[in-house]
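Peer 1: Sequence:
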Amino acid sequence: MIPILFVAVSCDRHDLPAVPTFDQLGFADAHETVRNQVLATYEKWQEEPRDADRNGRLAMVLSVYGKNVAAEVLLWRARSLAPNNFRWTYYLAITLGELGRPTEAAEMFRNALEIDPGYIAARIKLAKLQVQTNQVNEGVETFRGIADEFPTRVEGWLGLGKALDLMGDRESAINALQRARIIGPQYGEVHYALATALAAAGDEEGAAREFAAYERTAKNKIRTEDPLLREVQTLNASDGPQMANADYHLRRNQLDEAAASFRSALAINPLNQDAWGGLIHTQVRQGKIDEAGDTYREALAAGISYARVHLTYGKALLDQQQHEAAREIIGKAVELDPRYADALKAMGNLELQRGASEMAVKYFRQLLSVQPNDRDADLSLSKALNAASQFQEAATRLETLTNDPAIDSSVALKELAIAFHGLNRRDDAIDSLLRGRDAADKSANQSMLDTIDALLVKWQKDAP
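Positions in the sequence shown are counted from 1; adding 1314 to them yields the numbering used here.
Mixed in with the good hints there might be a few duds.
[Claimed, not checked] Heads up, simulated DMTMM-like pairs for lysine to aspartate or glutamate below, C-alpha to C-alpha not over 25 Å straight-line:
hint, residue 1, residue 2
1, K1381, E1418
2, K1381, E1412
3, K1358, D1343
4, K1646, D1745
5, K1358, D1329
6, K1535, D1561
7, K1381, D1343
8, K1756, D1741
9, K1676, D1656
10, K1676, E1649
11, K1676, E1707
12, K1535, D1570
13, K1381, E1452
14, K1602, E1529
15, K1535, E1503
16, K1381, E1421
17, K1646, D1656
18, K1756, D1776
19, K1358, E1346
20, K1756, E1707
21, K1602, D1561
22, K1772, E1713
23, K1676, E1529
24, K1772, D1718
25, K1602, E1612
26, K1535, E1612
27, K1602, D1633
28, K1535, D1690
29, K1533, D1656
30, K1646, E1612
Hints in this document: simulated from the structure, not taken from any laboratory.
My request is simple: use the sequences and hints to build the entire structure.
Peer 2: Structure below.
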């Protein structure tokens, strides 16, 4: 890296840090589209180098390509030229954080919030930095303010709980994290934070339950709305912003826009495996199964061999009752990634549906080796064991699962009854079935009630 010399920024607008030349910025080997974009922005800045917006705009473009050292120079200039502009102070705070200077970043976030106290993303970033820089008391107060002012936002309660846990106030931490779980049960990091707090408090059962929930939701990330940061990200001329746009539209169920963004990403980078998988997934959600098939074959022709592509299209075929074709394609996903939990689950269910119970047992065992605390996978394995007449192991597993609050007890009790029946423990089978019926009745699960009633009639009829 070519060293860049800085001059101190004073309150005097005439004393501004020097900006590197374009050649010093390091875009000589960049993609032509990117290089031209940066050059055009740089030349526009050169026309009016003392214009705050032009300094800030060039900083935005540089930061999106990781040129944070040069971006910092321009943001100091922009802030000096427009000290009451929230945007430039906020961007400078983010850049200082990216440069590994959290204490300075926290101070700059405070400066930004003096200009606009209502920008929630800045408050969340400040609170996280306060905790990171051992200002835990201040972090607690910032997170508490967010939680009090925005009680339906998961970020405030999650951050508050984690900060309180660091302080050793475990009871208050668990209370805050339980609030976070109520608001955001779909987020893995919420369950993980609560699990670790419960484990530290000695609640092993509660911790195990939350760790299992974490494994089911680990892929779901909390995304704080940040329009200003998103504005920077959209300047990226690579395929990254298109993928971000696609994700943005998917979360709002804007499927046409999401599909268009995935196509735009592929136009820039035809080897983007996530874009192929995302496009097929979006087309399936749109109900455009034929188009999804065309895209799947297009991806294969482009040399894409990606487990998610196979699984997504395979599950679409499954929904269309094309079981054999689905089995072949989802099987490719497992071949590519033997630890792909979603593909293992899909294959296990497929084999169970087609009566290949031993194969189903194999896939569900493999799934549990990947996610050992996944209670749903344990229940699926128990069903497969029953179907394979391996009743003793099924009964052993199910006796534990029937007491697990994360599992539908009516389903577990019905399967336990089947295992007992296979072991010729008729009284235990009938007792479990009746308990399952009570559970189904309480949850108003009419389908399960009908299934259990049919079994009761059959077993009573078959009784000696």
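Peer 1: Compare the structure with each hint and give your call.
Peer 2: For each hint, the structure was consulted:
1. K1381 to E1418: Cα-Cα ~18 Å, so holds.
2. K1381 to E1412: Holds, at about 10 Å.
3. K1358 to D1343: The given pair, whose Cα atoms are some 21 Å apart, holds under the 25 Å limit.
4. K1646 to D1745: 43 Å, violated
5. K1358 to D1329: 21 Å, holds
6. K1535 to D1561: 12 Å, holds
7. K1381 to D1343: It holds: about 14 Å lies between the C-alpha atoms, which stays within 25 Å.
8. K1756 to D1741: Holds, because 23 Å separates the two Cα atoms, which is no more than 25 Å.
9. K1676 to D1656: Distance of about 15 Å is within 25 Å: holds.
10. K1676 to E1649: 14 Å, holds
11. K1676 to E1707: It holds: about 14 Å lies between the C-alpha atoms, which stays within 25 Å.
12. K1535 to D1570: 23 Å, holds
13. K1381 to E1452: 31 Å, violated
14. K1602 to E1529: Cα-Cα ~31 Å, so violated.
15. K1535 to E1503: Status holds; Cα separation ~7 Å.
16. K1381 to E1421: 22 Å, holds
17. K1646 to D1656: OK: K1646 and D1656 at ~13 Å, within 25 Å.
18. K1756 to D1776: 28 Å, violated
19. K1358 to E1346: Distance ~18 Å between K1358 and E1346 Cα, so the pair holds.
20. K1756 to E1707: Status violated; Cα separation ~28 Å.
21. K1602 to D1561: 19 Å, holds
22. K1772 to E1713: Distance of about 23 Å is within 25 Å: holds.
23. K1676 to E1529: Distance ~20 Å between K1676 and E1529 Cα, so the pair holds.
24. K1772 to D1718: 28 Å, violated
25. K1602 to E1612: Holds, because 15 Å separates the two Cα atoms, which is no more than 25 Å.
26. K1535 to E1612: 30 Å, violated
27. K1602 to D1633: 12 Å, holds
28. K1535 to D1690: Distance ~21 Å between K1535 and D1690 Cα, so the pair holds.
29. K1533 to D1656: 12 Å, holds
30. K1646 to E1612: Distance of about 17 Å is within 25 Å: holds.
Checked against the numbered hints above, the structure violates hints 4, 13, 14, 18, 20, 24, 26; every other hint is satisfied.
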